[in-house]
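S.K.: Chain residues, written in single-letter form:
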Amino acid sequence: MTNAPIIPLTDNHQAGRRVDLSSGKYLKLWQGPQHPGITGNMSLELTVSGDEIVDLRTHVGYLHRGFEKLMERRTYIQNFPIVCRICVPEPDFNEYLYAATVEELAGIRVPERANWLRNLTLEMARLASFLQWIGGQTGAFGMGVIGQWGITHRDYVLDLFEELSGGRIYHMYIIPGGVRGELPEGFEERARAVLDKVENLLGDIERAMFHNAVFKDRAKGLGVIPREMIDSYGITGPNARAAGVARDVRKDQPYLLYDQLDFDVVTASGSDTYDRAWVRFQEIHQSLSLIRQMLTRMPKSGPIHTQLPNPLHWKIPAGQTYRRAECTRGEYGYYLVSDGSGYPRRVYVRGPSYTHAVALMESMAVGANIADVAGLMVSFHTYPPEIER
Amino acid sequence: MSLKDILSPLTVWRRTAEKPYTVIDPINDRPGAARYRGFHKNDMEACIGCGTCETICQNAAIDLVPVEGIETTNGDSGLRPQIDYGRCCWCALCVDICTTSSLTMSNEYIWVDTDPEVFRFVPGAENKPWDNSELGYSRAEGYQLLDPERVEMPELEPDTRLTSFIEMVQGYSAEQAKKEADRCVECGICMAACPAHMDIPGYIKAIRENDINGGLALMYQTNPFPASCGRICTHRCEEVCAINHTGDPIAIRWLKRYIADMADESDYQAITKTAEPERTEKVAIIGAGPGGLSAAYYLRLLGYQVTVFEAQPHGGGMLRYGIPEYRLPYDQLDKDIDLVASLGVEIKYNTRINGLKESNGPKESDGPGSDGGPAPSFEQLYQDYDAVFFSTGLPDPYTLGIQGEDHPRVISGISILEDVTAGKTPDLRKSVAVVGGGNVAMDAARTARRMGCEVTVLYRRREVDMPADEEEITEAKEEGVKFITQAIPVRIEDKPEAKGEQAAFVWGEAEMVDQGEDRRPKPVLQEDKIHTDLFDTVVPAIGQGSSLDFIPEDMAAKIGIIKYKIKVGLHGETGEPKIFAGGDISNRLKDAISAIADGHRAAKGIDRYLRENQSKKETS
Chain A
41 MTNAPIIPLT DNHQAGRRVD LSSGKYLKLW QGPQHPGITG NMSLELTVSG DEIVDLRTHV
101 GYLHRGFEKL MERRTYIQNF PIVCRICVPE PDFNEYLYAA TVEELAGIRV PERANWLRNL
161 TLEMARLASF LQWIGGQTGA FGMGVIGQWG ITHRDYVLDL FEELSGGRIY HMYIIPGGVR
221 GELPEGFEER ARAVLDKVEN LLGDIERAMF HNAVFKDRAK GLGVIPREMI DSYGITGPNA
281 RAAGVARDVR KDQPYLLYDQ LDFDVVTASG SDTYDRAWVR FQEIHQSLSL IRQMLTRMPK
341 SGPIHTQLPN PLHWKIPAGQ TYRRAECTRG EYGYYLVSDG SGYPRRVYVR GPSYTHAVAL
401 MESMAVGANI ADVAGLMVSF HTYPPEIER
Chain B
18 MSLKDILSPL TVWRRTAEKP YTVIDPINDR PGAARYRGFH KNDMEACIGC GTCETICQNA
78 AIDLVPVEGI ETTNGDSGLR PQIDYGRCCW CALCVDICTT SSLTMSNEYI WVDTDPEVFR
138 FVPGAENKPW DNSELGYSRA EGYQLLDPER VEMPELEPDT RLTSFIEMVQ GYSAEQAKKE
198 ADRCVECGIC MAACPAHMDI PGYIKAIREN DINGGLALMY QTNPFPASCG RICTHRCEEV
258 CAINHTGDPI AIRWLKRYIA DMADESDYQA ITKTAEPERT EKVAIIGAGP GGLSAAYYLR
318 LLGYQVTVFE AQPHGGGMLR YGIPEYRLPY DQLDKDIDLV ASLGVEIKYN TRINGLKESN
378 GPKESDGPGS DGGPAPSFEQ LYQDYDAVFF STGLPDPYTL GIQGEDHPRV ISGISILEDV
438 TAGKTPDLRK SVAVVGGGNV AMDAARTARR MGCEVTVLYR RREVDMPADE EEITEAKEEG
498 VKFITQAIPV RIEDKPEAKG EQAAFVWGEA EMVDQGEDRR PKPVLQEDKI HTDLFDTVVP
558 AIGQGSSLDF IPEDMAAKIG IIKYKIKVGL HGETGEPKIF AGGDISNRLK DAISAIADGH
618 RAAKGIDRYL RENQSKKETS
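Just so you know, the sequences run in chain order A and B.
If you're matching positions, the first sequence starts at 41 in the numbering used here and goes up one per residue.
If you're matching positions, the second sequence starts at 18 in the numbering used here and goes up one per residue.
Simulated from the structure, these hints should not be mistaken for lab results.
We put the beta carbon where it would ideally sit given N, CA and C, even for glycine.
It cannot be assumed that every hint is accurate.
Residues of chain A clear of chain B, computed beta-carbon distances all greater than 10 angstroms [as the list claims (entries may be wrong)]:
hint, residue
1, L61
2, W70
3, V88
4, D91
Cβ pair distances, simulated, as ranges [as the list claims (entries may be wrong)]:
hint, chain 1, residue 1, chain 2, residue 2, range
5, A, A253, B, E134, 54 to 60 angstroms
6, B, Q187, A, P224, 45 to 51 angstroms
7, A, G226, B, E134, 53 to 59 angstroms
8, B, E172, A, G226, 47 to 53 angstroms
9, B, N149, A, A253, 56 to 62 angstroms
10, B, T180, A, Q360, 24 to 30 angstroms
11, B, E35, A, Q300, 52 to 58 angstroms
12, A, Q74, B, A77, 45 to 51 angstroms
13, A, Q300, B, N149, 44 to 50 angstroms
14, A, E152, B, Q532, 54 to 60 angstroms
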């Protein structure tokens with residue numbers, strides 16, 4: 041026992057401090073990778089003293105499928121079915137950004153109606169993803185019933201995706217050149233019915249979750265991200281907005297039709313788990329509004345796809361570009377490099393989860409209670425699949 | 018924390034009384050959406066096994082496999098896609114790119130089986146509940162991956178065309194050619210349909226990659242007449258083109274022409290460098306048409322000493338004397354012929370094999386060979402050369418077989434075309450009736466239009482039955498040629514008032530009588546509907562026959578010539594081992610590309626024959 045290992049800590053907060061595991065004061069705990077929360081597929085290595093976390097290290101790699109590398113060996117059209125798989129709950133942002141980068145380098149203009157349909161699916165994806173997040177956030181604090189409502193209502197949105205794209209999870213709807221199909225007959229009515237159903241649910245969720253003593257008690261003050269960390273850590277999305285930073289790609293660098301839609305950037309000031317949840321909750325309302333606006337204002341007919349060059353021989357002029365979009369978790373970006381051949385030279389996917397789930401989580405967990413780790417993790421709203429591209 | 022925060026969550030109590038959201042029996046109560054991407058369906062009749070689905074599949078889940086009961090036919094590979102559901106990701110790109118739209122998906126997504134080996138879509142053995150499902154994913158309206166529209170070929174306007182014999186088709190620009198070449202899916206169905214089996218996807222790819230040199234070399238592997246075929250080929254390839262099923266076929270012929278037009282001197286030189294070591298055996302070829310010159314080219318490449326005998330003053334055969342200049346300019350034909358000659362093939366023009374009967378049209382006089390020596394006879398060639406290939410074509414026009422056909426105002430279509438080629442002006446005058454519905458009829462009619470005549474084409478069957486290319490018919494109409502179909506010639510009379518200057522053409526309307534399935538309807542003359550029209554010239558153009566009188570009878574018997582027809586083997590073999598034949602005289606398709614293919618195959622046959630001969634000599 042005399043040679044018990046002395047573990048150096050990560051340098052985030054406890055720089056220089058060393059923990060002597062043989063002292064009996066500390067315990068190592070692993071949370072994940074089989075943890076029944078949506079933080080799954082990555083693991084947290086906790087060093088605890090009592091139930092207080094003194095150090096946290098994240099471990100990723102359980103889900104690495106090498107998408108970016110796979111894409112270098114596939115033609116531009118063959119990458120289209122791959123990209124959606126990079127982020128399971130929000131495939132559409134990948135589809136859109138991949139298409140947008142390819143179209144920019146190839147000089148392809150997308151018909152207006154296709155842009156509306158793309159925009160519609162991106163907001164539907166946001167809605168579905170947030171409803172799933174409600175499941176995780178409430179479940180992590182022992183309020184799983186509310187979570188079930190969220191997951192159920194997400195499925196109603198997935199029903200819409202299924203009839204629009206032919207798939208519930210991997211939509212493969214946004215393709216370079218446009219989209220793959222028109223709205224089915226009667227889609228608008230069914231979509232509005234789902235939106236009403238979700239809106240009705242949100243009232244209940246507000247009362248059961250946000251005006252809930254348990255949730256407030258546990259979420260308020262948990263994981264406060266100091267304002268100065270926002271830029272230095274590259275934090276985006278609701279995590280930044282809850283800290284009072286009005287940062288939203290939809291406003292800052294409008295893409296698709298966001299500059300024609302009526303919405304405001306939602307912010308809060310507490311920067312804790314509660315405020316982040318509140319910002320997301322408001323953004324669900326915002327998403328409902330945006331989808332309704334689009335259903336009303338979208339042109340009722342028009343081309344949905346531009347004729348591409350033959351995809352079997354498609355070569356894209358050499359060049360590089362970075363395109364970004366606001367996904368539920370922050371800035372999502374695709375960096376595409378073409379060397380002029382039929383295969384991408386490099387595709388780099390910038391997901392917000394790497395920053396939020398690794399660097400931010402390692403900083404914020406220290407000092408927290410073991411029981412709050414899952415709730416904290418979910419409050420950053422991260423998806424390991426897009427960490428490991 | 019306030020009291021409100023304790024009481025508020027309780028206000029949602031009514032949700033406890035809600036029914037479950039889940040579907041209790043999803044297998045029966047939850048079908049996939051109308052466009053669900055479920056298990057595949059393939060219309061086996063519509064599918065042509067082009068394999069484009071296999072090419073685009075990023076999972077390599079699709080294999081094209083043979084299927085019992087489906088034969089390989091012209092335009093159908095005979096293969097069908099098999100899909101491994103262990104690899105498929107249901108992206109439906111295979112459906113989107115399907116050239117025939119035969120591949121779709123059902124909305125079925127549940128398949129339970131205890132045998133893990135069964136989870137694949139096996140063509141011809143489906144029998145799955147979803148085979149006839151009406152719901153499921155198919156390519157949406159307004160979205161397609163393959164461009165169905167051909168790049169339009171720039172052509173002279175009909176009015177301009179009529180003023181001269183300038184080539185009417187102007188050719189693709191580089192940009193147009195690349196755009197058209199881009200539409201190809203490289204399935205290769207066309208290669209099987211091409212009589213010469215040209216590597217069509219290969220040379221189209223060369224256009225996309227800007228490799229004119231490579232494209233030309235590829236074309237010459239199977240066809241030494243690219244400039245000519247690029248203009249007048251019957252393009253059987255385009256009829257079977259996979260893209261033809263849902264759009265316009267790839268303009269394969271125009272792309273071939275593009276390469277030939279773009280190739281420069283150095284590209285052509287690169288081809289001639291492929292000649293093998295010289296061989297001493299001599300081969301005689303009779304007829305410098307596409308068949309003869311094709312044989313000459315490939316034999317010369319193998320190193321043989323080749324001499325071509327041609328009765329006419331120029332080479333090309335029917336390409337020159339049967340096809341008007343506005344479709345195939347002479348300089349383009351010369352370009353092809355010159356390359357063959359440049360390899361060291363000796364072509365003796367104006368050298369009619371003794372005994373070879375003159376065809377109806379005016380000809381350069383029979384007589385000595387171009388070298389001044391006497392024209393050889395067939396027997397002489399047989400004696401002097403190690404092998405003989407003859408491809409003398411069909412120079413003799415068929416007669417209508419009606420009374421009064423010897424009227425002075427009757428001139429055959431082929432002789433009009435020959436005259437124009439020879440620089441003579443045929444005596445057509447003003448009103449011309451062309452009898453027939455083939456390409457020669459169209460060419461004669463359009464030539465007459467260019468000489469200022471008013472032209473009427475009379476054909477015994479319906480327009481759909483016309484053997485002429487559709488585009489020739491369309492272009493003839495554009496140029497003002499009138500068509501009377503279901504018109505059967507009855508006789509030609511000499512009206513006293515016309516004083517032999519006009520022919521009274523008597524024809525009757527035909528009724529199409531059904532001949533049962535698989536047989537085209539037969540035109541039957543209606544005796545009560547007879548018309549008589551006066552024409553300055555009547556031009557029969559109903560086909561031509563061979564002229565094989567230069568072959569002595571005993572030799573003809575050995576070769577196996579029966580009633581002017583020759584049966585040849587795969588490599589042009591006749592009944593006499595030393596003699597080979599090909600082209601229109603033996604080929605059912607009777608077009609240039611078939612003759613070229615015959616020449617190529619005969620070259621292989623002759624090579625094998627000569628090598629076997631040599632090894633026999635060496636061993637004996």
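S.K.: Does each hint hold? Answer for all of them.
M.R.: Verification of the supplied hints:
Residue placement check: A/L61 keeps its beta carbon more than 10 angstroms from all beta carbons of chain B (closest about 38 angstroms). Against chain B, the non-interface label of A/W70 holds: every CB pair exceeds 10 angstroms, the least being about 33 angstroms. Even its closest Cβ contact with chain B, about 27 angstroms, leaves A/V88 beyond 10 angstroms, as expected for a residue assigned away from the interface. With a minimum CB-CB distance of about 22 angstroms to chain B, A/D91 clears the 10 angstroms threshold, and the non-interface call stands.
A/A253 and B/E134 have their C-beta atoms about 58 angstroms apart, which keeps the hinted 54 to 60 angstroms range intact. Checked against the hint of 45 to 51 angstroms, the pair B/Q187 and A/P224 passes, with Cβ atoms roughly 47 angstroms apart. At roughly 42 angstroms, the beta carbons of A/G226 and B/E134 sit outside the given window of 53 to 59 angstroms. At roughly 48 angstroms, the beta-carbon separation of B/E172 and A/G226 lies within the given 47 to 53 angstroms, and the hint holds.
Between B/N149 and A/A253, the C-beta spacing of about 59 angstroms keeps the proposed range 56 to 62 angstroms intact. Taking the beta carbon of each, B/T180 and A/Q360 are about 55 angstroms apart, not inside 24 to 30 angstroms as hinted. Between B/E35 and A/Q300 the beta carbon distance is about 38 angstroms. The supplied range of 52 to 58 angstroms is therefore violated. For A/Q74 and B/A77, the hinted distance range of 45 to 51 angstroms is not satisfied, since their beta carbons lie about 32 angstroms from each other.
A beta carbon spacing of about 45 angstroms between A/Q300 and B/N149 agrees with the range 44 to 50 angstroms that was offered as a hint. At about 56 angstroms, the CB distance of A/E152 to B/Q532 agrees with the hint of 54 to 60 angstroms.
The structure fails to meet hints 7, 10, 11 and 12 from the earlier list, while all remaining hints are met.
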